Amino acid sequence: MDSPFLDTFAKLLDGRGVATTRFEFPYMAARRDGGKKRPPPKAEHLVQFYATTLELVRGTMPPESRLFIGGKSMGGRVASLLADECHAKDLICGLVCLGYPFHPPQKPDQLRTAHLTALRCPALIVQGTRDPFGSQSEVESMGLPPTIRFHWAADGDHDLGPRGNSGFTRRGNLEVAADAVAEFVRS
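Numbered by my numbering, the letters in the sequence shown go through residues 64 to 250 in order.
Take these hints with a grain of salt, some might be off.
Calculated pairs, BS3-like style, for lysine-lysine (alpha carbon to alpha carbon, straight line, at most 30 Å) [what the hints assert, rightly or not]:
1. Lys99 to Lys152
2. Lys152 to Lys105
3. Lys100 to Lys170
4. Lys100 to Lys74
5. Lys100 to Lys152
Have a look at the derived ranges for each label pair, beta carbon to beta carbon [as the list claims (entries may be wrong)]:
6. Gly122 to Asp242: 29 to 35 Å
7. Lys170 to Gly206: 16 to 22 Å
8. Gln169 to Ser250: 31 to 37 Å
9. Asp153 to Gln111: 17 to 23 Å
10. Leu154 to Lys100: 45 to 51 Å
11. Ala92 to Asp242: 29 to 35 Å
12. Thr232 to Glu148: 36 to 42 Å
13. Ala92 to Arg234: 25 to 31 Å
Everything labelled a hint here was simulated from the structure, so no lab data went into it. Treat the numbers as computed from the prediction; the structure is a model and nothing was measured. Just so it is clear, CB atoms sit at the ideal spot from N, CA and C, and this is done for glycine as well.
Please take these sequences and the hints and turn them into a complete structure.
Next comes the structure, spelled out in structure tokens:
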């Protein structure tokens, strides 16, 4: 929750008037405490923890607040599993995913998109054009619904970072991505 990527992105959103709340899944907290680095549990096993955290956050907000859920990579995937249910109950206004893991790297046939094909909740996915978890060309061929908008980070990888000779910068990609998120939240 306090990776350089998330620290920078939260500051950029704050500078655009978008407040954020970050939390950590228990498996990541265990890693921080010196626990053995194990693979994360299946996303479906993290949904209840996310839902409980959402309930706690929602309880601290004024009733008229507009709330969007989301996350980076696995966090965005877990949020996307909750989005339709929460949106139907008017608990959230939308979903924002940063670097969505459409498939494991080098395994484009193992898609993690079945629930996205019917997503009704307004969503924005910010993705690097060359993300190994789903590049622009791969994702555009998936036929995802129009409720999902995309912002493509130029020459970006999973953390939106471009290659050194691309003419783009990580900071520039993050700035433009933060603009896209702020615009989506206001729309």
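| field | Lys170 paired with Gly206, Cβ distance criterion 16 to 22 Å | value | Cβ of Lys170 to Cβ of Gly206: about 19 Å, so the range 16 to 22 Å holds.
| Taking only the CA atoms, is the gap from Lys100 to Lys74 under or equal to 30 Å? | Holds, because 28 Å separates the two Cα atoms, which is no more than 30 Å.
| request: Below or equal to 30 Å on CA atoms is what counts here, so check Lys100 against Lys152. | output: Measuring from Cα to Cα gives roughly 37 Å; hence the hint is violated.
| field | Assessment of proposed distance window 25 to 31 Å (beta carbons of Ala92, Arg234) | value | At 29 Å between Cβs, range holds.
| Within 29 to 35 Å or not, the Cβ separation of Ala92 and Asp242? | Given about 32 Å between the Cβ atoms, the range holds.
| Okay, Asp153 versus Gln111 on CB: inside 17 to 23 Å? | holds, 21 Å
| Lys99 and Lys152: Cα distance at most 30 Å? | Between Lys99 and Lys152 the Cα gap is close to 38 Å, so the pair fails against 30 Å, i.e. violated.
| said: Can you tell me whether the CB distance of Leu154 to Lys100 sits inside 45 to 51 Å? | reply: violated, 33 Å
| query | Holds or violated: 36 to 42 Å for the Cβ distance of Thr232 and Glu148? | reply | At roughly 38 Å between Cβ atoms, Glu148 and Thr232 fall inside 36 to 42 Å, so the hint holds.
| request: Would you mind confirming whether the straight-line C-alpha gap from Lys152 to Lys105 stays at or under 30 Å? | output: holds, 25 Å
| Regarding Gly122 and Asp242, is the given constraint of 29 to 35 Å on their beta-carbon distance met? | holds, 30 Å
| query | So the hint says 31 to 37 Å: do the beta-carbon atoms of Gln169 and Ser250 match that? | reply | Holds: the Cβ-Cβ distance is about 35 Å, inside 31 to 37 Å.
Going through the hint list in order, the structure does not satisfy hints 1, 5 and 10.
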